[in-house]
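Enquirer: In the working numbering, each residue carries its 1-based index in the sequence shown increased by 399.
Honestly, the hints are just simulated from the structure, not real lab data. Possibly wrong hints are sitting among the right ones.
Think about it this way: if two alpha-carbon atoms lie no more than 35 Å apart in a straight line, the pair counts; the simulated DSBU-like pairs of lysine-lysine are [unchecked claim]: (1) 463 to 418; (2) 465 to 439; (3) 465 to 428.
Computed from a prediction, not measured in an experiment: that's the story for all the values here.
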Amino acid sequence: MIIELIRLRRNIKEKIETKHSITLIEIEKVLLENKPKFRKAKDCFIGIGLWKRYLTIFFKYNEKIKEAEIITAYPSSKWQIKLYKRMK
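Let the sequences and hints guide you as you build the complete structure.
Expert: Set out below in structure tokens:
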């Protein structure tokens, strides 16, 4: 999966920043620069990656324009970190 553009709506950005203390920069670093591992969920994708800390990011992917629309993001749980390491 190639992601060239990240879209983050203002209300989602505020929620992620206040509830989970995650910035847009962290999301960009994980999805664009640090080779995250992806899994398909029901109607979205899950990206797990590392940049200073492990993050789990849920997003919708538009393959035509290679855009990830962020649904939510939060610090990865222990089982998500184990999954990420197994997928390497």
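Enquirer: Hint by hint, say whether it matches the structure.
Expert: Hints versus structure:
1. 463 to 418: holds, 32 Å
2. 465 to 439: holds, 16 Å
3. 465 to 428: Given that 35 Å is the threshold and the Cα spacing comes to 16 Å, the pair holds.
Checked against the numbered hints listed earlier, the structure breaks none of them; every hint is satisfied.
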